[in-house]
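Novice: Line order of the protein sequences matches chains A and B. Residue numbering for the first sequence follows the working numbering, beginning at 1 and increasing consecutively. Residue numbering for the second sequence follows the working numbering, beginning at 1 and increasing consecutively.
It is worth saying that the hints were derived from the structure and are not from the lab. You may find that some hints are simply not true.
[Claimed, not checked] Pulled a few chain B residues facing chain A out of the computed Cβ check, cut under 10 Å:
(1) G8
(2) E9
(3) V14
(4) I19
(5) L30
(6) V32
(7) V73
(8) H103
(9) F110
(10) E167
[Stated by the list, open to error] Label pairs and their in silico Cβ distance ranges:
(11) G158(A) - A62(B): 17 to 25 Å
(12) Y24(A) - P190(B): 51 to 59 Å
(13) P130(B) - V189(A): 53 to 61 Å
(14) Y13(B) - P157(A): 52 to 60 Å
[Claimed, not checked] Each computed SDA-like pair below joins lysine to any residue, with the alpha-carbon atoms no more than 20 Å apart:
(15) K6(A) - A6(B)
(16) K116(B) - V139(A)
(17) K6(A) - K180(B)
(18) K6(A) - I54(B)
(19) K185(B) - V126(B)
(20) K6(A) - L20(B)
(21) K180(B) - I54(B)
(22) K6(A) - A18(B)
(23) K180(B) - G121(B)
(24) K6(A) - Y13(B)
(25) K180(A) - V139(A)
(26) K6(A) - T17(B)
(27) K180(B) - D124(B)
Glycine is no exception: its CB is placed at the ideal position from the N, C-alpha and C atoms.
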Amino acid sequence: MADFVKVLLVCGIGLGLGLLASAYALSRPSPFDRVRLGPWELAAHAGSTEADPYTRANLERSSEIPLAIGEGLQLIARVDDDGRPLDARCVYTVGPRVPPARYWTLSLIDPGGWPIGNPAERYGFRSSELLRAANGNFVITVAADVHPGDWLPIGRPGPFALALRLYDSPLGATAGAMDKTAVPRVTRVGCG
Amino acid sequence: MRGRFAVGEAAAYVAATAILAALVHLIVVLVVPLVATRDAFTRLEPLGALNETILLPRAGPAARLLPYVDPAVAMSFCRYDLTRGPIRVTAPSGRAFASISFHTRRGLVFYALTDKAATHGVIDAVLATPEDVRALAAHDDEEDPSRDLRIAAPAPQGYVAMRVFSELPSLYPEAEAEAKRLACKPELVPP
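Let's have the full structure, built from the sequences with the hints guiding it.
Specialist: Put into structure tokens, the structure is as follows:
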């Protein structure tokens, strides 16, 4: 009888732990296939048929339409240059350069990948609409309050993320070998 | 003696629990893609019939259909089922970046074309099952073989997505109009 209870306990706890671990693993990006470039993260095989089982299960659950390697790359920053999680109470600057691409956009999203509503109705910047210095450098200010220049508003308190999308970029599959200095810096200027 | 036995037994139970947990986890991760009901294909299904071009609403806080969509890019798609025969996919290419990508039902991309591959301003490809690709090739004229780009799909069902970049916010409606011109039409296989 005692053995029966023990076996039941093993089965119950084993099943519970397995399900918990799965729920945890699938609620975040795949632990494999991640390339880190400074604060930016990139899934090198996000949508390709070589994706690992975690990436596949994730894609299924998020219902994202991934970019193919030939189309472009999507980089996500959830932390700043010093590794601190992005915080809506702080002011950040993003710049001054991006890796080579025909077009690129920088957008602000919530942790689930959705745009955050804001009174300015500004959800992102295109490479083709930025103010630039004579040498082509740019600065985008990410802050909750109005800032001069290119200002990307943080619509509400709480965690957020930045999405950098490079369209028609020659980097493609070699993105992992990209230099850290090629991606824009995400600098925390101060916190209010 | 008795104490050592109890420790050994406890270790065996802990190990059995851990092994079972690992097995359950592996099975769940592998099975999720086969049974998931939240994939893009399933979410796109109520929006339109097979082969019909549907424009996605512009990404914004109000439109929560698919995550990680770029608000600067107009997107359209069509769902296909190749068990009913091949389809011809055509898309216009404008001044800015445009691309079409071919996805399986599970969301994986197996092919993509950008506007750089357009001839006379049109991206054009035939999507078919591997058997139909062979059948089409078998009917080619030997002197003047078809110049179609034929893509063999790894799965019979899926969707084609088109992305059109808008260089300025005011050009977004233009990008949308271009994305709407994505066409997925049934293509005949000669008998």
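Novice: State for each hint whether it applies.
Specialist: Each hint, compared with the structure:
Taking 10 Å as the C-beta contact cut-off toward chain A, the hint placing G8(B) at the interface is violated, the least distance being around 14 Å. Here the hint on E9(B) is kept, as its CB sits about 9 Å from the closest CB of chain A, short of 10 Å. The beta carbon of V14(B) comes within 9 Å of a beta carbon in chain A, closer than 10 Å, and the hint placing it at the interface holds. Against a cut-off of 10 Å between C-beta atoms, the interface hint on I19(B) holds, since the closest Cβ of chain A lies about 7 Å away.
About 6 Å separates the beta-carbon of L30(B) from the nearest beta-carbon of chain A, less than 10 Å, and the hint is met. At about 4 Å, the closest approach between the beta carbon of V32(B) and any beta carbon in chain A falls short of 10 Å, and the interface hint on this residue holds. Of the supplied interface hints, the one on V73(B) holds, with its beta-carbon coming within about 8 Å of a beta-carbon of chain A, less than 10 Å. Annotation: H103(B) was flagged as interfacial toward chain A, and the flag holds, the nearest CB pair being 7 Å apart, inside 10 Å.
Look at F110(B): its Cβ gets to within about 6 Å of chain A, closer than 10 Å, so that hint holds up. Because the beta carbon of E167(B) sits about 4 Å from the nearest beta carbon in chain A, less than 10 Å, this interface hint is met. With their beta carbons about 19 Å apart, G158(A) and A62(B) fall inside the hinted range of 17 to 25 Å. Restraint check, Y24(A) to P190(B): a C-beta distance of roughly 53 Å satisfies the suggested window 51 to 59 Å.
Between P130(B) and V189(A) the C-beta distance comes to about 55 Å, which sits within the given range of 53 to 61 Å. Checking the proposed 52 to 60 Å range against Y13(B) and P157(A) shows it is violated: the Cβ atoms sit about 46 Å from each other. For the given pair, K6(A) sits about 13 Å from A6(B) by alpha-carbon distance, which is consistent with the 20 Å threshold. Proximity of K116(B) to V139(A) is assessed by CA-CA distance (about 30 Å); at most 20 Å being required, the pair is judged violated.
Between K6(A) and K180(B) the alpha-carbon distance is near 62 Å, which puts this suggested pair outside the 20 Å criterion. Annotation: proposed proximity of K6(A) to I54(B) is violated, straight-line Cα distance about 56 Å (limit 20 Å). At roughly 9 Å between alpha-carbon atoms, K185(B) and V126(B) fall within 20 Å of each other, so this suggested pair holds. Simply put, K6(A) and L20(B) have alpha-carbon atoms about 14 Å apart, close enough for the 20 Å limit, and the pair holds.
About 7 Å separates the Cα atoms of K180(B) and I54(B), which keeps this hinted pair within 20 Å; it holds. A distance of roughly 14 Å separates the Cα atoms of K6(A) and A18(B); the hinted pair therefore holds under the 20 Å criterion. A distance of roughly 15 Å separates the Cα atoms of K180(B) and G121(B); the hinted pair therefore holds under the 20 Å criterion. For the hint pairing K6(A) with Y13(B), the CA-to-CA distance comes to about 8 Å; that is within 20 Å, so the pair holds.
The hinted pair formed by K180(A) and V139(A) meets the criterion: a straight-line CA distance of about 18 Å does not exceed 20 Å. A hinted pair counts as satisfied when its Cα atoms are at most 20 Å apart, and K6(A) with T17(B) qualifies at roughly 11 Å. Between K180(B) and D124(B) the alpha-carbon distance is near 15 Å, which keeps this suggested pair within the 20 Å criterion.
Violation of the numbered hints given earlier is confined to hints 1, 14, 16, 17, 18; the remaining hints are satisfied by the structure.
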